[in-house]
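Peer 1: In case you want the letters, here they are:
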Amino acid sequence: MIGSTLIAVLIVSFIAAALAAILVVSEHFIANYGECTININNERDLTVQGGKNLLSMLTAEKIFIPSACGGRGTCGLCKVKILEGAGAILPTEEPYLSQRERESNVRLSCQVKVKNNLRIQIPRELLSIREYVTRCVKIEDLTHDIKLIRLQLIEPATMDYIPGQYVQFLTPVYEKSPIEVYRAYSIASDPAEKGIVDLIVRLVPNGICTTYCFEYLKEGDEVKINGPYGEFHLSDTDAPIVFIAGGSGMAPIRCILYHMRNTGIKREAVYFFGANVVKEMFMVEEMRRFESELPGFRFVPVIAKPDPDEIWEGKTGLVTQAVQSSVKNGAIAEAYLCGSPGMIDASIKVLNDLGVTNDRVFYDKFA
Amino acid sequence: MKQGPEVQELDIALRASTLVAGGFMGNDPRSVTEVIDTDAGELSRLGVSAAELATRMKEVTEKAAKAQGTWTETGPGREAQVDETRGANPCPWRHTGRYFKRVTTVRRKDSDEIIRWSDLNTHMIGAHGFFEGKGSMFRVEPAELVRMLF
Chain Z
1 MIGSTLIAVL IVSFIAAALA AILVVSEHFI ANYGECTINI NNERDLTVQG
51 GKNLLSMLTA EKIFIPSACG GRGTCGLCKV KILEGAGAIL PTEEPYLSQR
101 ERESNVRLSC QVKVKNNLRI QIPRELLSIR EYVTRCVKIE DLTHDIKLIR
151 LQLIEPATMD YIPGQYVQFL TPVYEKSPIE VYRAYSIASD PAEKGIVDLI
201 VRLVPNGICT TYCFEYLKEG DEVKINGPYG EFHLSDTDAP IVFIAGGSGM
251 APIRCILYHM RNTGIKREAV YFFGANVVKE MFMVEEMRRF ESELPGFRFV
301 PVIAKPDPDE IWEGKTGLVT QAVQSSVKNG AIAEAYLCGS PGMIDASIKV
351 LNDLGVTNDR VFYDKFA
Chain G
368 MKQGPEVQEL DIALRASTLV AGGFMGNDPR SVTEVIDTDA GELSRLGVSA
418 AELATRMKEV TEKAAKAQGT WTETGPGREA QVDETRGANP CPWRHTGRYF
468 KRVTTVRRKD SDEIIRWSDL NTHMIGAHGF FEGKGSMFRV EPAELVRMLF
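Chains as they are written, first to last, in my numbering: chain Z, 1 to 367; chain G, 368 to 517.
The set of hints was computed from the structure by calculation and includes no laboratory data.
Given the structure is predicted, the values throughout are model-derived calculations rather than measurements.
Warning: the hint list may mix true and false statements.
[As the list claims (entries may be wrong)] Here are the simulated DSSO-like pairs of lysine-lysine, each with C-alpha atoms no more than 27 Å apart in a straight line:
#1 K279/Z with K476/G
#2 K476/G with K349/Z
#3 K279/Z with K501/G
#4 K194/Z with K224/Z
Generate coordinates for the entire structure from the input sequences, incorporating the hints supplied.
Peer 2: This is the structure in structure tokens:
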């Protein structure tokens, strides 16, 4: 009796598996959606062979939508507005879309399959994003868990970007990741060096990209990036500046400081940079050079709690405490912040108390 | 133990490196159901529920987060630090909500013993009773967690 039941179960399981396999094969080889047109911003039509997801089709056309998970529906970054032709929102998209986004026809481009003509809207700045083949020419330890990675652009050989923007780093398939993923890093380099992109990367325990950067990437390796992305940039005013950053948040601030030096911007500026202990502080000499090159610029490193064996004569405590006690021109200052959501939220609160209104607070949040 | 198709699908998702390098199951050969059931038994022996643990983990994280990445006292003989990095993870159970890549580290001052968890750990323990598989980078042992938190 048990034997015949087992055989029956096996037969049913086999038939189910065979049907599933037939469906998959049919989907791949038989389903023919024919040529579809993707209209972008009512300005441009792409003619594509239907059947793949929108993100991959746009990528194939060199239109790069930010995506950190390689189109697997796990990062929720690849949002575009699809005005016509997308069909109903899929269960895989639901966790990533707010009610407001749903009402505005925002969808995850990696989950929407192109089966018919689509009309989509993409922010104009994304249309100028390109993929760059680069070579890693330098890896430098800045602290025990932060590295500077210098990339020499090969094709195209130069990149135009606004200081403060970021690029996406393509992590290839390697021992600890069977899939390619993109991760975002702010550009840290001198914008005058148009063939160089410096990144400041902090190790994330078990992080796919940072593990690759720390344990596998070597000088001489080829690296693909795309970009530039982002709206974090220095405003075109004369307002005094308060920069606040910690850890790898140094990256866009460093780039902006080079930009100020290169273009002769003489705005009054103070940069509060926080670290836990003295050995986690980095690029101090470079910041001191900026103090001599940029009239009105002051660098204020802040150590939370120096180790007993460390000598430190600078400010101690939280970086927000240093801001609270030092900034006297909040009523007219602009603030530029880069760091963790917790640090940014705390900084905004302090800045508001000092008279810096939210319309004068600009930030690049790690979120 | 037989697994329904949904559990089988979840098991595959937890073992994949799609969300985190190495996945959530480490080198644990057991099914996700066995992992959860075994840990539930351990919690019962310890006299604490997964929800209680998650609540305490959240309290510690929120208190430490106010220190902006620096070490701060979170209880008698305990200090904690919260590190945040760019991005957020969805729960592999595929429901609404994303969890910031925020890692809380708790240290016992007397022994320097540390324990570490992510916001996603806290959620998966509280909502799903899942402490991750053995060998996973973010596996949290229930007994160790109880010892470090209470």
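Peer 1: Take the hints in turn and mark each one as holding or not.
Peer 2: Results for each hint:
For the proposed pair K279/Z and K476/G, the alpha carbon gap of about 21 Å is at most 27 Å, so the pair holds. With a CA separation close to 31 Å, the supplied pair K476/G and K349/Z exceeds the 27 Å bound. For the suggested pair K279/Z and K501/G, the alpha carbons sit about 34 Å apart, so the restraint of at most 27 Å is broken. For the hint pairing K194/Z with K224/Z, the CA-to-CA distance comes to about 16 Å; that is within 27 Å, so the pair holds.
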